[in-house]
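2 protein chains.
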Amino acid sequence: MIDDRFVTLAHGNGGRFMRALIDEVFARHLANPDLDVYADAVPLTLPAGDVLITTDGFTVQPLEFPGGDIGSLAVHGTVNDLAVAGAKPVYLTLNAFIEEGFEFARLDRIVASLARAAGESGVRVVAGDVKVVARGEGGGLYLATTGIGVRRPDLHLGLDRIGKGDAVLVSGPVGDHGTAVLLAREAFGLRGELASDAASVLPLTEALLDLPGLRFMRDPTRGGLVTVMHEIAAACAASVVLDETAVPVRLPVRGVCEMLGYDPLYLACEGRVVAVVAAGDAPDALARWRALPAGEAAAVIGRIGQGVAGQVLLTTEIGGERVLEELEDDPLPRIC
Amino acid sequence: MIDDRFVTLAHGNGGRFMRALIDEVFARHLANPDLDVYADAVPLTLPAGDVLITTDGFTVQPLEFPGGDIGSLAVHGTVNDLAVAGAKPVYLTLNAFIEEGFEFARLDRIVASLARAAGESGVRVVAGDVKVVARGEGGGLYLATTGIGVRRPDLHLGLDRIGKGDAVLVSGPVGDHGTAVLLAREAFGLRGELASDAASVLPLTEALLDLPGLRFMRDPTRGGLVTVMHEIAAACAASVVLDETAVPVRLPVRGVCEMLGYDPLYLACEGRVVAVVAAGDAPDALARWRALPAGEAAAVIGRIGQGVAGQVLLTTEIGGERVLEELEDDPLPRIC
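For the record, the sequence lines run as chains R and E.
With the numbering used here as the guide, the letters of the first sequence map in order to residues 367 to 702.
With the numbering used here as the guide, the letters of the second sequence map in order to residues 367 to 702.
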């Protein structure tokens with residue numbers, strides 16, 4: 367480790383201190399045969415198939431929370447965007463914006479967690495960049511990751527493949543990540559048992575890839591389940607009807623949400639997948655997910671309906687129907 | 367444009383406002399056939415050759431300065447990292463971290479500039495992500511770009527190819543970017559004619575690619591020319607000897623640096639290339655650069671020497687020799 371306990375502006379200036387920061391924190395944890403921290407650009411060895419790219423920024427507060435931290439989240443978030451597109455994630459790049467005064471021990475812990483998540487997800491960090499911003503001009507640490515993955519060329523998934531009557535599935539309980547981060551914020555003065563669901567969804571997405579009726583997958587992050595439903599309803603000019611009793615929500619999540627006035631259907635997940643499949647394939651899809659540890663609580667939660675185009679409806683426990691509006695105000699900023 | 371004049375936290379929450387921000391600012395300027403703002407991951411069509419990746423973060427202050435802004439810089443910085451590696455840049459991804467309260471008109475101006483720079487550099491922005499952070503936890507706007515380029519498979523450039531006796535060239539005057547950003551900071555109460563050299567260096571790098579004696583190229587950004595020389599000296603276990611009278615520095619840059627106590631050899635360029643070539647190829651390399659508008663002031667500035675390994679020396683105007691130390695303290699933070 368570097369002598370000083372805290373990151374200074376000099377650690378971002380391109381000189382000796384920056385090299386030490388990169389060598390002793392980033393390269394130490396992220397070392398792999400493809401990472402060359404002194405190259406301007408790094409060659410990629412890509413398996414056969416279509417090459418996909420995605421990118422995501424991370425500003426979660428607090429930086430560490432039950433079930434994860436900004437480091438593991440920055441891996442899982444980007445890995446999952448590739449996974450739901452049907453790709454196998456292969457490479458990541460990493461940007462860090464560190465606020466002056468950030469504790470080295472904490473940075474080290476977060477980068478170690480990031481490296482662990484990358485290893486578990488089968489991706490290599492091959493390029494990175496570090497900037498240090500002045501005290502009071504950052505939130506401690508912001509990360510951005512860009513992911514490269516490879517997809518079978520004959521795989522066609524997309525919003526345009528969805529049709530009326532198709533079934534909507536979710537791989538597990540919704541709202542865990544949002545609620546866990548919420549409880550981790552000191553401002554609420556609460557402590558709970560709840561952990562984020564943050565994880566790679568690759569086992570879940572790969573389980574469905576050879577299902578002929580698989581139309582579309584997405585991970586319900588910012589804006590939660592309802593936001594994905596609105597994206598589907600808008601793109602397909604159809605309605606989406608969700609069954610309230612079918613949507614899995616953990617009891618403690620429901621409890622915290624009721625107490626604080628949040629709706630778990632709008633809270634972020636970081637380890638769940640929503641899939642749309644042909645109605646006839648729904649039982650098979652469900653069985654495949656339930657056979658996986660991460661999919662034990664998977665459920666068919668709704669269908670693409672015949673109603674007003676763009677509308678998302680919830681059939682309630684008591685048999686009624688209510689419109690789920692698109693998110694406007696931010697219920698919970700800085701969730702990822 | 368969106369009704370409100372300023373970005374709010376709701377513009378980062380994944381819902382309707384975020385979609386409007388992405389559609390009306392980012393997608394409007396960056397539209398191209400490969401950009402799909404609703405996809406989790408985007409397929410790339412890659413020309414034949416080795417695929418290279420690079421990533422860079424941008425935190426320059428002020429966000430707009432003579433000769434550029436954080437938007438164009440975010441394109442040029444990443445394009446240039448690919449170019450000096452001998453690649454042709456093809457795709458970019460973009461991350462924006464916007465501080466709550468940022469003016470839409472300014473964001474629009476910066477994204478328009480980014481789009482213009484991408485067009486001029488021949489790259490397409492294919493994926494992006496926007497996060498909004500709370501007031502007081504950002505510097506207005508931070509960007510990160512990741513670039514994908516393609517390189518001729520038989521091209522081998524690298525620090526390991528450099529040998530004693532090789533010549534060191536620079537494509538133009540050094541320190542322009544650093545000085546221009548410095549003067550643009552109100553804190554100094556100065557106004558100058560100086561503009562940043564920020565630009566794509568692709569024409570300069572492509573001009574040398576078929577030169578058999580081309581060993582290595584790098585753009586001297588953070589830490590300036592001397593920092594690149596230290597990277598070379600450290601990697602090659604050789605000394606680097608620069609000729610003070612040969613290094614091009616504009617007169618106003620020299621003047622400002624003398625007045626404020628900076629050394630232009632340590633200040634960032636954003637549109638220059640340092641090349642190391644076999645001594646016998648130096649005249650050819652120089653002629654090729656001088657034939658280009660961006661290379662008119664190119665010069666052979668030094669050589670790989672026989673001296674103490676890792677040392678960077680400057681032979682001075684009066685015939686002396688002094689050691690150029692590696693950068694320690696940050697002479698000018700937030701330069702890119």
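I should point out that these hints are in silico values taken from the structure, not numbers from a laboratory.
For every residue, glycine included, the Cβ atom is placed at its ideal position computed from N, Cα and C.
Some hints here could point you the wrong way.
Here chain R is said to cover these stretches of chain E; the calculated rule only asks that three of the stretch's residues, wherever they fall, bring their Cβ under 8 angstroms from a Cβ of chain R [said to hold, decoys possible]:
no. : region
1   : 414 to 425
2   : 527 to 534
Some chain R residues flagged as far from chain E (calculated, every beta-carbon gap over 12 angstroms) [said to hold, decoys possible]:
no. : residue
3   : His395
4   : Pro409
5   : Val450
6   : Tyr457
7   : Gly494
8   : Leu577
9   : Arg588
10  : Asp609
11  : Glu610
12  : Ala653
13  : Gln677
14  : Thr681
To see whether the hints hold, each was checked on the structure:
Interface restraint, the region 414 to 425 of chain E with chain R: holds (10 residues with C-beta to C-beta distance below 8 angstroms; minimum three). Restraint check on the region 527 to 534 of chain E versus chain R: 0 residues with Cβ-Cβ distances below 8 angstroms, three needed, restraint violated. A cut-off of 12 angstroms between C-beta atoms confirms that His395/R is not in contact with chain E; the least separation is 17 angstroms. A beta-carbon of chain E is positioned within 12 angstroms of the beta-carbon of Pro409/R; the least distance is around 5 angstroms.
A Cβ of chain E approaches the Cβ of Val450/R within 12 angstroms, the least distance being about 5 angstroms, so the stated non-interface status is violated. A cut-off of 12 angstroms between C-beta atoms contradicts the statement that Tyr457/R is not in contact with chain E; the least separation is 7 angstroms. Interface exclusion of Gly494/R from chain E breaks down, the closest Cβ pair being 6 angstroms apart, not more than 12 angstroms. Every CB of chain E lies more than 12 angstroms from the CB of Leu577/R, the least distance being 18 angstroms, so the non-interface label holds.
Some Cβ of chain E comes within 12 angstroms of the Cβ of Arg588/R; the nearest lies about 3 angstroms off, and the non-interface call is violated. Once the 12 angstroms rule is applied to beta carbons, Asp609/R is consistent with being away from chain E; the minimum gap is 23 angstroms. At the 12 angstroms boundary, the C-beta of Glu610/R stays outside the reach of chain E, the nearest C-beta of that chain being 21 angstroms off. Look at Ala653/R: its CB is around 25 angstroms from the nearest CB on chain E, clear of 12 angstroms, so calling it non-interface holds up.
The Cβ of Gln677/R sits about 14 angstroms from the closest Cβ of chain E, beyond the 12 angstroms cut-off, so the non-interface label holds. In this structure Thr681/R is separated from chain E by more than 12 angstroms, as the shortest Cβ-Cβ distance comes to about 23 angstroms.
Consistency note: the structure conflicts with the earlier hints numbered 2, 4, 5, 6, 7, 9.
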